[in-house]
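Visitor: Listed below, chain by chain, are the residues.
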Amino acid sequence: MKLNFNYDGNIACKAILQEQLEKLDIKYQLLDLGQIEIGDDVSEEGLTELQVSLKKYGIQIINNPKGQLIQKIKDAIIEIVYEKDKFPNITISQYLSDKLNFRYGYITNVFSEYTFTSIENFIIIQKIERAKKLIIEEELTLTEISHELNYSSVAYLSTQFKKVTGLTPSMFKRIVGKKRELSNND
Amino acid sequence: MITHQDSMHILLADDDEDDRTFFSEAIQELKMNNKLTLFKDGNDLMDYLEHPEIKLPHVLFLDLNMPGKTGIDCLKEIRSNTRFKDVSIAIYSTSSSEKDIEDTFVEGANIYIKKPNDFSKLKEVIKEAVNMNWQFHTSGLNIETFFFSI
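Chains as they are written, first to last, in the numbering used here: chain H, 1 to 186; chain X, 187 to 336.
Mixed in with the good hints there might be a few duds.
In silico DSS-like links for lysine-lysine, alpha-carbon gap of 27 Å or less [as the list claims (entries may be wrong)]: (1) H/K178 - H/K84; (2) X/K285 - H/K163; (3) X/K262 - H/K74; (4) H/K178 - X/K285; (5) H/K162 - X/K217; (6) X/K255 - H/K133; (7) X/K301 - X/K255; (8) X/K217 - H/K178; (9) H/K72 - H/K56; (10) X/K285 - H/K74.
A few chain X residues that don't get close to chain H, going by computed Cβ distances all over 10 Å [as the list claims (entries may be wrong)]: (11) T207; (12) E211; (13) D233; (14) L250; (15) K307.
Covered, in the sense of this in silico footprint (three residues per stretch, anywhere, with C-beta under 8 Å from a C-beta of chain H), are these stretches of chain X [to be verified]: (16) 288–302; (17) 321–328.
Calculated from the structure, these hints are not laboratory results.
Because the structure is a prediction, the values reported are computed rather than measured.
For each residue, glycine too, the CB sits at the ideal point set by N, CA and C.
Full structure from sequences and hints, please.
Guide: The structure is reproduced here in structure tokens:
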């Protein structure tokens, strides 16, 4: 006897995912097609188990090593921008290729391909982000901030600040001040 | 924080049909994945945003001069609702006065675009604004101090 049937792959896939995740006691949330969010507390073992149990249904967890590399690059850059004293005599390119064990050329290519910006630009954005924090804290003068961030002069800091935000540091400070005043009045 | 594989959701409210078409063209030239939704004015946009089940956009472009609710009206309304605190708002305007720019940021805008007269320039400016916004969203930077005037 032959049976004919209709089926919906998406519904089937969702049901399998739900079943398996619940079986392994993993907290989850179904996102858009092909994506789920699971808690950060899931162990390496739990993930492997999930991978194995999904495999027999033809469902594969995509490991994204490039995505992980991007995160490592970003973390390393942020570390340098925030703790420059730890790295007195090293260029960022040298530091990244030593730490991540790849040629710098490879690192920059992967980075631009995935983030749509360059490492150089990312560094500038991070430095300006830190400058913003320091300006708002009001403990350092702009000259001191430019030293802290390894700029050769205040003028150079201001130029990069303007490039990233379109504003001068003092206009930025005024806007933040007024915004705070406004929210305090609410 | 979103990752680089995610798609960027963009909304635009502009009452000028040519401007909407033009904006769509600029967005199509972007390298990143994106999804654009268009609204013909501020009222239309605010009606849409009221629905609790919608997926919130990463960035919202508002034309300053629209009949009914203006860009500034929408900006104020959106910023008074914490549900939208992670949404970046870009205002585009014909004014380049420092006071207008400053006031718009104080009201809660993140991006201020001075409309250039030249179309190809405008395309570049839109792309640059979206790109900068993307860097903010994918790098976990502070949206409270995210200002970009171009």
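Visitor: If a hint holds in the structure, say so; if it does not, say that too.
Guide: Okay, the hints, checked on the actual structure:
1. H/K178 - H/K84: violated, 32 Å
2. X/K285 - H/K163: The hint holds at about 19 Å.
3. X/K262 - H/K74: With a Cα-Cα distance of about 34 Å, the restraint between X/K262 and H/K74 is violated, given a limit of 27 Å.
4. H/K178 - X/K285: Roughly 13 Å separates the two Cα atoms, so the pair holds.
5. H/K162 - X/K217: It holds: about 25 Å lies between the C-alpha atoms, which stays within 27 Å.
6. X/K255 - H/K133: violated, 35 Å
7. X/K301 - X/K255: holds, 20 Å
8. X/K217 - H/K178: The hint is violated at about 36 Å.
9. H/K72 - H/K56: Violated, because 32 Å separates the two Cα atoms, which is more than 27 Å.
10. X/K285 - H/K74: Violated. X/K285 to H/K74 sits at ~36 Å, over the 27 Å cutoff.
11. T207: About 24 Å separates X/T207 from the closest Cβ of chain H, which puts it past 10 Å; holds.
12. E211: X/E211 clear of chain H: closest Cβ-Cβ about 19 Å, beyond 10 Å.
13. D233: holds, 24 Å
14. L250: holds, 17 Å
15. K307: holds, 15 Å
16. 288–302: Coverage by chain H holds here, the residue count being 5 at a Cβ distance below 8 Å.
17. 321–328: holds (count 5)
In summary, the structure is inconsistent with hints 1, 3, 6, 8, 9, 10 from the numbered list given earlier, while agreeing with the others.
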